[in-house]
Amino acid sequence: MEEILELARKFAEEAEVYTVSTEEAPVHFEANRLKAIQSKQSTSVSLRLIKNGKLGYAAASGEIDARKLVDIAVETSEFGMPAQFSFPSERNFPQVNILDPEVETVSIGEMIELGQKLIDPVLKSTEGILCDAGVSRDSVTLSVANTRGGQAQYKKTTFGMGVSGTLVRDTDMLFVGDGQESCHPLRDTKALTDIVLHQLELARNTAGVTSGQMPVIFTPDGVVSAFLPALMSAFNGKTVLLGASPLDKRLGETVFDKRFSLFDDPTLDFAPNSRPCDDEGTVSRRTALVEKGTVKNFLYDLQTAGQAKKQSTGNGSRGRGGLMSPAPSAWIVSPGETAFEDMVKDIKEGLLIEQLMGAEQGNVLGGDFSGNVLLGYKIENGKITGRVKNTMVSGNVYQILKDLAGIGKETKWIGGGVCAPALYCANLSVASK
Amino acid sequence: MNIKEAGHLLAGIITKCEAEYIEAHLEESEASHLTYRGKDLESVDKTGAVGGNVRVLVNGGWSFVSFNNLEDLETKVKQAIEQAKFVSGGEAKILQYPPIVDKTKAEIRQNPVNIPLKEKKQILDEYNQVIWEVPKLQTSVIGYADGYRKYIYMNSVGSYIEQERADVTLRVGAIATEKGEVQQAGISLGSRGEFSAIKGLHNQIRDMAQNAVKMLSAPQAKGGEYTVVLDPILAGVFVHEAFGHLSEADHVYENPQLRELMTMGKTFAGKQLNIVDGAAVPGLRGSYKYDDEGIPAQKTYLIKEGVLTGRLHSRETAARMKEKLSGNARAVSYRFPPIVRMTNTYIEPGKTSFKEMIADIKEGIYVKNWYGGTTSMEMFTFSAGEAYMIRNGQIAEMLRPVVLTGNVFSTLKNIDAIGNDLDMNEGGGCGKAGQSPLPVSNGSPHIRIQRCLIGGK
Ligand SMILES: [Zn+2]
Chain A
8 MEEILELARK FAEEAEVYTV STEEAPVHFE ANRLKAIQSK QSTSVSLRLI
58 KNGKLGYAAA SGEIDARKLV DIAVETSEFG MPAQFSFPSE RNFPQVNILD
108 PEVETVSIGE MIELGQKLID PVLKSTEGIL CDAGVSRDSV TLSVANTRGG
158 QAQYKKTTFG MGVSGTLVRD TDMLFVGDGQ ESCHPLRDTK ALTDIVLHQL
208 ELARNTAGVT SGQMPVIFTP DGVVSAFLPA LMSAFNGKTV LLGASPLDKR
258 LGETVFDKRF SLFDDPTLDF APNSRPCDDE GTVSRRTALV EKGTVKNFLY
308 DLQTAGQAKK QSTGNGSRGR GGLMSPAPSA WIVSPGETAF EDMVKDIKEG
358 LLIEQLMGAE QGNVLGGDFS GNVLLGYKIE NGKITGRVKN TMVSGNVYQI
408 LKDLAGIGKE TKWIGGGVCA PALYCANLSV ASK
Chain B
2 MNIKEAGHLL AGIITKCEAE YIEAHLEESE ASHLTYRGKD LESVDKTGAV
52 GGNVRVLVNG GWSFVSFNNL EDLETKVKQA IEQAKFVSGG EAKILQYPPI
102 VDKTKAEIRQ NPVNIPLKEK KQILDEYNQV IWEVPKLQTS VIGYADGYRK
152 YIYMNSVGSY IEQERADVTL RVGAIATEKG EVQQAGISLG SRGEFSAIKG
202 LHNQIRDMAQ NAVKMLSAPQ AKGGEYTVVL DPILAGVFVH EAFGHLSEAD
252 HVYENPQLRE LMTMGKTFAG KQLNIVDGAA VPGLRGSYKY DDEGIPAQKT
302 YLIKEGVLTG RLHSRETAAR MKEKLSGNAR AVSYRFPPIV RMTNTYIEPG
352 KTSFKEMIAD IKEGIYVKNW YGGTTSMEMF TFSAGEAYMI RNGQIAEMLR
402 PVVLTGNVFS TLKNIDAIGN DLDMNEGGGC GKAGQSPLPV SNGSPHIRIQ
452 RCLIGGK
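Taken in sequence, the protein lines are chains A and B. With the working numbering, you'll find the first sequence wraps up at 440, consecutive numbering, no jumps. With the working numbering, you'll find the second sequence wraps up at 458, consecutive numbering, no jumps.
Facing chain B, according to a computed beta carbon distance under 7 Å, are these residues of chain A, among others:
#, residue
1, Leu-41
2, Ile-44
3, Gly-365
Selected chain B positions facing chain A (Cβ under 7 Å, derived; list incomplete):
#, residue
4, Gly-39
5, Lys-47
6, Val-66
7, Phe-68
8, Gln-84
9, Gln-139
10, Glu-255
I should point out that these hints are in silico values taken from the structure, not numbers from a laboratory. Cβ coordinates follow ideal geometry from the N, Cα and C atoms, glycine included.
With these hints in hand, go ahead and build the complete structure from the sequences.
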């Protein structure tokens, strides 16, 4: 790393080297049985430099040839964007706990046992169900250093487990499942399987829906599948800079329901997406995106912030091939005051949606979505009566979030990236056949 | 050490080992990307990667080890064998195939990665200019990517296959805004490494950008059931999403109900419907000579005259289902084991002209282009990039883009006309089990579906 930085310094004004090494060990169960064990190791290095004021970039994984890397970065800098920032010189970072050495001591045997425990109760509950499960333990070591003296390095462990079930009857298919991730080892399989058993219980009967307008509750998982694609692009500083975000120019305005608040937070201890700094060495912080309905900020990396005349929010993230762009760390939607049961009780005829398929395919930027209910239930007279099928729900994310009928007081982590309550919408368009 | 040297070493190691079956992959790849957001070239990069993997089958269980340093290969093979002991006792098995030793070339005039960045930038600059000349346009997004990959497959039975492939993709999108409304349109194209495939698209891109603007004032469709006509691009997405994934044997082989549902010889559609998948169809993005388990590529009829006649297999699924190998095991890179994937998937052309197809539709929807699509086996949703009402046999007013959804089985039965104008879409990438994007192509002539559910107001 030092060697690449030294070499790059000879050809460019500034340079930054980013390295990431990962070790992953997933155990897969398929069709109720242990299927495969994997171990994956990889190391990659990215070099970013500023030459004649312009950004150059190169990356390599596997065999790293410092000279070649520098040559390519210099070559691309000829076409690069003018750099609108300087690399940060930060060397001290707040303590964010993301390493639990115990993760690496969990044996393959124990992981297999956990997988079996995820499958067994689901299998027992429902005849003919086919279960897949996965248990994984990963560790990642990451470092970033630049010619302005900035330097960061951290190691993170993550542990994940998940189980899913497929039930086929004639041409009808039911999909259930849930998963969990942490920087600690996970052992409570029952918490997960209870959720799946509950889904199966609710889906035992099917219920018909007539097309029309009706109230809809989105569970935390439903919130992720219906609303997240639109919000993620709208709050991305890059979308805003291009004027393509509907929230552009609405900073400080109350665009959402007054009870709706949304934060990006990479500083929570042992949350899988937490970290002391982002991928370009900017200190991690909690960023309010929406506070009590008011748009507060967007997510920025250094370059986008420079272009927009803002500060980086510490959301620089290396995407495909390691290129930098702003991306969320973990999204936290604040809980409200409505108990889930009260939302259900409130509905005479409506839907409860857990998984919506295809919402990310519509006019995401404009907030329009239209999705097929992959897992959802009918609510009649305050009771969940059965699973719905062949049903599409359409709406506009901004119209819905402007005026919510209720926000759940319980929140749930979905994967490592989102923590959200249930959201209750008074009136949505539902098409069914 | 390069992969050639490592390959010979590794082949020596795995043929000596005592395991039921071992295969290994080594790979060397390079790629370049150019991205525009708005008026400027936002990023340019070139990347390179080297790596490999070892996959072992022991007593019915799989073990997989991937790495990206080529040192100490013997330890990696041993680790894979040791690890496999934990999984043994499962039911995994494979179909053996006679060893093949071969070498294939990428068959392109020039490695696209080596084309000067300047030349790539010039073409993209022109396209961006075309977009920005359209009034009311808010911004543009252009993503160009190319790649070149050399890879070696070997197994403990003595196969040793060196292959090369190249890939080029271009996605161009235009975003129009007015009074807080945002609409977007886009096109995706690709080729099996031939750079010229993305040249000369100025008119197509201008039309696309103008469409994004027109959509701003277009009404939204009223949700419900319609007679829908799909253009070749969207019909190609439909066949990939709705039927292609269901034909992947790994979804079926361990699922008795699904196996029953997908019994060979069962009628799924009218006699006019023929669906094909095949990497042996030459020159397309999903084409290759051998799959990633060293099996020669083929052309498989999934549906012939409306009847289920074939499905896509890996060595394992073919063995488990006692069916023929189809050469469909693919991996996006050395970081993943090969799984059952599509290649080039299409509906064969029929006899109906587009004019005839819409002639007797009183009220229907014509859908073109695509944003994306997903499937959960039985259900699919896919998004059209463009939509128009059909009224009294004529294409009428433009609509906002629509989402189509349905049950695969009833939708296939509801296809009642197949056009004579097959066209392949090479801009797609397929994702499955975390492996994305895999180069595939899909295509179709225009098709008509009765009673298709459209989302809307
Ligand atoms: Zn696909």
